[in-house]
Amino acid sequence: MTEIKTVLQDYQNREREYLIPILQDIQSLIGFISPDAIAAVALHLKIPTSKVYAVASFYDQFKFLPFAKYRIKVCNGTGCHIEGSGAIYDELVKLLGGETRTELFSIERVQCLGACGNAPVIKINDKFYIAVTLEMAADIIKSIKALEDAP
Amino acid sequence: MIEKGQDTGLTGYLIEKVLKNYSGDYPPDVKREIDLLLRRHLRRPVIYVGTGTCGIAAGADATLKAAKEYLKINQLEADLIEVGCVGLCSAEPLLDYQAPGRARVSFQHVTADKVYEILEECFHNHISDEHVLGQVASEGHELWHRIPLIQENPFFKKQHRILLYDCGEISPTNLDEYIARDGYKAFLKVLMNYPPEEVCNIVGQSGLKGRGGGGFPTATKWNNARLMASDKKFVICNADESDPGAYMDRALVESNPYRLIEGISIAAYAVGASKAYIYIRSEYNLAVKRLQNSLIRAKEAGFLGENIFNSGFNLQIILRQGPGAFVCGEETALIKSIEGHRGTPETKPPFPFEKGLFGKPTVVNNVETLINVPLILLHGPLWFKSIGTETSTGTKLFALTGDTVNTGLVEVPFGITLEEIIYEIGGGIKNGASLKAIQIGGPSGSLVPAAHSDLQIDYEAFHKRHQIIGSGGMVVMDENTCILDMIKYFINFLQKESCGKCIPCREGTNRMYEILQMITTRPKQNDKHESLTRFQGVIQLENLAKVIKETSLCGLGKTAPNPVLSALEWFREEFEEHVFERKCRANVCKNLIEYVISAERCTGCMVCMKKCPYDAITGAPLEPHLIIRDKCTSCGICYEVCKFSAIDFI
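Protein chains in written order, with the numbering used here: chain P, 1 to 151; chain Y, 1 to 650.
Bound conformation, chain P alone (with noise of 0.2 Å):
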């Protein structure tokens, strides 16, 4: 809640056509928007609860759950799709037991994340991986697994 007020701080007496950015500034700083988030910009904004949950849920960029440590997006861009990003998304959720979202990943399809060039790409948290192999994605997997298990 502190996080959320101290956003809010930064925009005293500005009209709804902050919204947008007042919740993206949000979520940077906690990962997600929470049903409080929501609550305290409407009351901020004067504008209905409703109303900030009907843009927020419009965009793809607002989540409205936390992520978990590692964040896979794999590309499904125009070129990664040719090359064949589809059966690395299948594979990845395949590694992890069949679950979009566990304890250390949550795995989510997104738009082109502008490296065609090298296609398929894959991003974990801030880190590239480019022309996935199905192989790769089971090492990539099995390394980020190894490095929590260590001690």
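Pairs of lysine-lysine residues, derived as BS3-like cross-links and limited to a Cα-Cα distance of at most 27 Å, are as follows:
1. Y:Lys385 / Y:Lys157
2. P:Lys145 / Y:Lys611
3. P:Lys73 / Y:Lys590
4. P:Lys46 / Y:Lys360
5. P:Lys94 / Y:Lys610
6. Y:Lys360 / P:Lys51
7. P:Lys63 / P:Lys51
8. P:Lys63 / Y:Lys501
Each pair of labels, with its calculated beta carbon distance range:
9. Y:Lys68 / P:Ala87: 35 to 43 Å
10. Y:Asp615 / P:Asp149: 27 to 35 Å
11. P:Pro151 / Y:Pro624: 48 to 56 Å
12. P:Lys127 / Y:Leu36: 30 to 38 Å
13. P:Ser50 / Y:Glu390: 48 to 56 Å
14. Y:Tyr116 / P:Glu148: 28 to 36 Å
Here chain Y is said to cover these stretches of chain P; the calculated rule only asks that three of the stretch's residues, wherever they fall, bring their Cβ under 8 Å from a Cβ of chain Y:
15. 19–27
16. 59–69
17. 74–81
18. 106–114
By construction, these hints were calculated from the structure, which means they are not laboratory data. Note that the structure is a prediction, hence the values are computed from the model and not measured. Idealized CB from N, CA, C, for every residue including glycine.
Take the given structure of chain P and dock chain Y to it, following the hints.
Relative to the frame of chain P, chain Y by itself:
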């Protein structure tokens, strides 16, 4: 007069000596300074690392670090600069080396482990051709022996780079370097000499058309807004590039953000706006960061703010990050999004130039369009008209992706043919395969079959064929691509991105996707009627597409059926194959295939049973196994693992 610029020393000096010197003859001290900034004259060696997003994805960050370490270990003096993208993404990471008095050499695929070896050779004045991409010929720099010229590289040879000219050479956020390269010269010229009307006229004479997809004459748009009486007007730069497979705008912003800011400033002056917005995709972290820094620097130097250079013109540029919605590429939806609403389009008229942002006259221009503007004012409309065709002037950027040997960002003059782009610039199709089709203009663009690859790129030629050039995505598909799978991918994208405001688009794209899904999966019953019902689906698809095209509210809906219609036009036989023969000639639609185990050849080894992820195979040891049809998803794993070739597909 330029108090704000003085704190940075050099910038203020350059503004006085270069920008306000209209004769173009510089005294020796200024010339020396410019030569240093242009790196015509070097004090010490320079190492350039391409750190655009595509470079970073390929590992340029590590390359940069390795280069830094190399210099430190060997205690060498050199300038290490980060530059934008030259466009050849398939060769990333790129590292360039330039010694004083020698030509600049470009190296390709320079991952961190190769840096030491390459730089060690460079600093010992020896260049082996192993990693070399080419050298850049320029005046006053001695060429290296036996190293090919980059200008002669087929990827660059056919290109006409005016927008990309500085990309990969200029340090993106260095304002001094930008000024030394004639940056802001056009803006100052306009500010001091031309009334807004004149600016619109010059841009009108050049024939510049909107590069975002519509191809609407830019000057007409500006004039319409300029002539509106209003206390406030706005200019919006649309940098919400969300077409999958397109990244022209990102590369332009990352490589040379000041040129965009200058373009926006000129547009705002021409229209009479004192506030401008840049609406950029929030995923473009690096582009956002570089723009933020550049906006601050431009303001410090006095190019933005109140009463710019005592001209009485005020301009504030606000950066807004688009939170991710494809439909916000539509100008009315984009305006709604800036206002803090859901990005749903509005009916036109009223057009944005009448009632746009906050109900005021607004001009929305694409990044590429605005970047052309300073160049037109600097070199004149006649120069711009000399490039391209009579009616489509200038150049167009394309993000060439897919199955060509070279992929990346290419800038070509209008009038070039698709063949030239694919076979000369793109280097042909990868792995010796043959070309099948080209998708131009993103998901709602159109499919061009290989037989029509002699198509000329200009607005008229495309218009005649009821096709659009779009914003610049160009996906090349080889024979191993299934057209139905591609179409399904595009329609799936569009149905997800449909904002839901109007029914034809919301429900129509959904239904189109369902029909395509049905055609590309195995039928539930295996009789002849089933095939006929499925074929009826194809006919419905065609009708549906026409209705969506005619009745949707905005550009997204109106263009959404394009891929379906063009696929039906050129690749109808593939639809028929999928329906009647249940055959996918590219072997991509795996779900279409039905697997059966041959009782004669099956030895009952149980390998397939164990490997089947869906428990769809039953049987006892040493007895022929059986695939349970209802459980099977046709993943094909059993086919791959069987050592006795006992699995057939029908």
